[in-house]
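Throw the hints in and build the complete structure from the sequences for me.
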Amino acid sequence: MSSPRLRRAPFAELTPFEVYGLCRLRVDVFVVEQECPYPELDGRDTEPATVHLWLEEDGGILATIRVLDDGATRAIGRVATAASARGRGLAAQLMEEGIALCEGFPITLGAQAHLEGWYERFGFRRSGPGYVEDGIPHVPMRREAA
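The C-terminal residue of the sequence shown carries number 146 in the numbering used here, and the numbering is unbroken.
Just so you know, the hints here were simulated from the structure itself, not pulled from any lab data. Hints should not be assumed to be uniformly reliable.
[What the hints assert, rightly or not] Derived CB-CB ranges, DEER-like:
hint : residue 1 : residue 2 : range
1    : Pro-137   : Leu-101   : 37 to 43 Å
2    : Gly-60    : Glu-144   : 31 to 37 Å
3    : Ala-145   : Arg-8     : 17 to 23 Å
4    : Glu-133   : Arg-86    : 18 to 24 Å
5    : Ala-92    : Val-27    : 19 to 25 Å
6    : Val-19    : Arg-126   : 22 to 28 Å
7    : Ala-145   : Val-27    : 28 to 34 Å
8    : Thr-46    : Ala-146   : 24 to 30 Å
9    : Ala-145   : Arg-121   : 17 to 23 Å
10   : Ala-145   : Ser-3     : 27 to 33 Å
11   : Asp-70    : Ala-9     : 29 to 35 Å
12   : Gly-104   : Pro-37    : 36 to 42 Å
13   : Asp-134   : Gly-104   : 28 to 34 Å
14   : Arg-7     : Asp-70    : 21 to 27 Å
Think of the CB as a built atom: it goes at the ideal place given N, C-alpha and C, for glycine as much as any other residue.
Printed below as a string of structure tokens:
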């Protein structure tokens with residue numbers, strides 16, 4: 001087994017196999033595992049300023065996030081790790097890389113409520129009341145510009 005390799009690219013630079021792998025991981029985690037039948041393909045992946053980050057190993061995608069350009073802020077979302085790769089700190093590594101990409105901008109995200117403390121490790125703070133999305137309690141969070 002090799003060390004996971006960090007990759008990042010806008011949609012236009014992804015190969016068809018990378019698009020498939022990223023979408024498959026997100027569907028496996030959010031739609032299948034978490035039983036959230038929602039429109040995974042929301043149109044934001046293909047925006048020119050969106051950056052996809054992922055870790056791959058032995059040809060497979062282990063974890064991914066995306067960074068969105070929302071004008072005066074940036075947003076991190078679609079944080080997903082394959083069930084077989086959890087507990088290795090991969091999502092934390094991607095969060096650190098994503099935050100670095102957002103230097104100079106506040107960052108927002110919608111955290112699943114049970115992960116609020118995990119996101120606080122990266123400097124995020126609750127920024128409003130909780131809400132339910134796709135049957136899962138969430139909290140809005142924000143990290144001020146560094």
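Which numbered hints fail: Violated hints: 1, 6, 11; rest satisfied.
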